[in-house]
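Number of protein chains: 2
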Amino acid sequence: MEDEVVLLDSWASMYGTRVRIALAEKGVKYERKEENLRNKSPLLLQMNPIHKKIPVLIHNGNPICESAIIVQYIDEVWNQDPPLMPSDPYERAQARFWVDYIDQKVYDTSRKMWLSTSEEHETWKKELISIFKQLEETLGDKPFYGDDTFGFVDVGLISFYSWFYSFEKYGNFKMEVECPKLVAWVKRCMQRETVSKTLPDEKELYDRTLTRKKALESK
Amino acid sequence: MEDEVVLLDSWASMYGTRVRIALAEKGVKYERKEENLRNKSPLLLQMNPIHKKIPVLIHNGNPICESAIIVQYIDEVWNQDPPLMPSDPYERAQARFWVDYIDQKVYDTSRKMWLSTSEEHETWKKELISIFKQLEETLGDKPFYGDDTFGFVDVGLISFYSWFYSFEKYGNFKMEVECPKLVAWVKRCMQRETVSKTLPDEKELYDRTLTRKKALESK
Numbered sequence: 046m047e048d049e050v051v052l053l054d055s056w057a058s059m060y061g062t063r064v065r066i067a068l069a070e071k072g073v074k075y076e077r078k079e080e081n082l083r084n085k086s087p088l089l090l091q092m093n094p095i096h097k098k099i100p101v102l103i104h105n106g107n108p109i110c111e112s113a114i115i116v117q118y119i120d121e122v123w124n125q126d127p128p129l130m131p132s133d134p135y136e137r138a139q140a141r142f143w144v145d146y147i148d149q150k151v152y153d154t155s156r157k158m159w160l161s162t163s164e165e166h167e168t169w170k171k172e173l174i175s176i177f178k179q180l181e182e183t184l185g186d187k188p189f190y191g192d193d194t195f196g197f198v199d200v201g202l203i204s205f206y207s208w209f210y211s212f213e214k215y216g217n218f219k220m221e222v223e224c225p226k227l228v229a230w231v232k233r234c235m236q237r238e239t240v241s242k243t244l245p246d247e248k249e250l251y252d253r254t255l256t257r258k259k260a261l262e263s264k
Numbered sequence: 046m047e048d049e050v051v052l053l054d055s056w057a058s059m060y061g062t063r064v065r066i067a068l069a070e071k072g073v074k075y076e077r078k079e080e081n082l083r084n085k086s087p088l089l090l091q092m093n094p095i096h097k098k099i100p101v102l103i104h105n106g107n108p109i110c111e112s113a114i115i116v117q118y119i120d121e122v123w124n125q126d127p128p129l130m131p132s133d134p135y136e137r138a139q140a141r142f143w144v145d146y147i148d149q150k151v152y153d154t155s156r157k158m159w160l161s162t163s164e165e166h167e168t169w170k171k172e173l174i175s176i177f178k179q180l181e182e183t184l185g186d187k188p189f190y191g192d193d194t195f196g197f198v199d200v201g202l203i204s205f206y207s208w209f210y211s212f213e214k215y216g217n218f219k220m221e222v223e224c225p226k227l228v229a230w231v232k233r234c235m236q237r238e239t240v241s242k243t244l245p246d247e248k249e250l251y252d253r254t255l256t257r258k259k260a261l262e263s264k
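Chains as they are written, first to last, in the working numbering: chain A, 46 to 264; chain B, 46 to 264.
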């Protein structure tokens with residue numbers, strides 16, 4: 046029996062993007078269902094009753110939620126090359142640590158910068174840049190976070206790349222200036238079709254944030 | 046060469062408790078170093094420069110941070126029986142999901158209840174009880190979250206048990222009444238010496254919260 050794989054997704058989501066990249070890396074065929082997050086489908090509410098969030102991967106009818114957990118699941122189930130998790134337990138713990146760091150920090154801080162008043166804006170902008178500088182330091186001189194191979198942390202972070210344009214616009218800074226090595230890493234990742242063909246368009250995302258910001262401000 | 050295992054810990058921490066239970070389950074010998082969290086040791090700051098938090102497991106000089114990541118690491122490195130993670134990838138994803146749920150919900154909500162003013166108090170109390178009811182529903186009629194065996198989710202949740210007494214005191218409710226099946230599960234867990242000999246004393250914890258609350262209120 047062929048695997049039935051369905052992804053409940055939203056095109057703009059960095060977390061959905063992660064799962065799309067992981068599935069592309071493994072060459073898994075799947076059906077993608079775009080969710081309207083303001084009017085969630087009965088299927089999404091049924092498959093993720095706890096958080097009611099995308100992405101949800103439905104594998105032969107069984108739902109898996111939370112992007113970092115889904116990527117690990119994909120790596121464990123479709124365990125052919127390329128592996129996404131390191132084989133060494135210590136390296137694996139480090140990879141989990143950095144994806145957790147990204148999950149704790151990047152989205153929340155960028156949102157605070159994006160929505161903050163002018164006094165707080167500088168604080169959140171500095172905080173966001175310091176997070177990227179930390180991630181750049183962690184990468185060091187390695188080509189990828191998974192050393193020579195594109196892996197779990199690379200998937201976890203590159204999914205935010207389409208948002209860099211919005212971060213730069215709202216923060217009035219340049220990633221190229223602040224984190225040149227991280228931008229060089231982005232370019233290496235973008236040489237992979239699994240990444241370049243999956244990431245959403247940065248300008249469309251920026252337009253979307255403008256619309257969202259306006260809607261929030263008029264409330 | 047024998048493994049050198051050091052745990053940077055704080056007796057009251059549910060996250061430190063998790064790691065202690067996992068090490069006890071695996072029969073790993075280690076040196077425990079109690080941290081003064083108001084005056085953190087140079088070793089803690091060196092080993093966890095990112096979050097500066099306990100617990101940190103230092104294995105042959107290499108630090109591992111974040112309790113859920115540490116427990117997975119322990120299970121992968123000391124991979125003799127009993128296994129803590131399920132062997133099936135789907136079950137493993139579910140176990141990760143529930144530990145993540147506990148990490149997202151329990152501590153934050155209990156703290157909000159504990160520190161809130163009277164109007165908000167009922168809201169957070171209800172929220173906390175609903176989280177435990179959800180966890181009880183997830184357990185269902187199984188003896189442990191890992192089915193017949195005590196595993197990753199059991200370790201992740203039982204570490205909060207010593208705090209139930211404080212939750213009940215601050216919330217004016219009884220876990221036995223609200224979640225009788227969860228309390229029966231606690232009793233099953235407590236039959237394991239790895240748990241009963243590891244958990245901190247509930248009354249000492251409560252006294253500590255009273256002192257903390259007073260200090261915060263007088264600020």
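These aren't lab readings, by the way, just hints derived from the structure by calculation.
Just so you know, not all the hints are guaranteed correct.
Heads up, the list lumps identical chains together, so a pair's fine if it works in one copy or across two of them.
[Claimed, not checked] The list that follows gives simulated cross-link-like pairs (lysine-lysine, BS3-like), each with its CA atoms no further than 27 Å apart:
(1) 78 <-> 178
(2) 232 <-> 259
(3) 97 <-> 178
(4) 157 <-> 187
(5) 157 <-> 74
(6) 150 <-> 97
(7) 150 <-> 98
(8) 97 <-> 157
(9) 157 <-> 98
(10) 178 <-> 85
(11) 232 <-> 98
(12) 178 <-> 98
(13) 71 <-> 242
(14) 97 <-> 187
(15) 264 <-> 219
(16) 97 <-> 78
(17) 74 <-> 171
(18) 98 <-> 78
(19) 171 <-> 98
(20) 187 <-> 74
(21) 226 <-> 97
(22) 171 <-> 97
(23) 264 <-> 71
(24) 150 <-> 187
Which numbered hints fail: 1, 2, 4, 5, 11, 15, 17, 20 and 23
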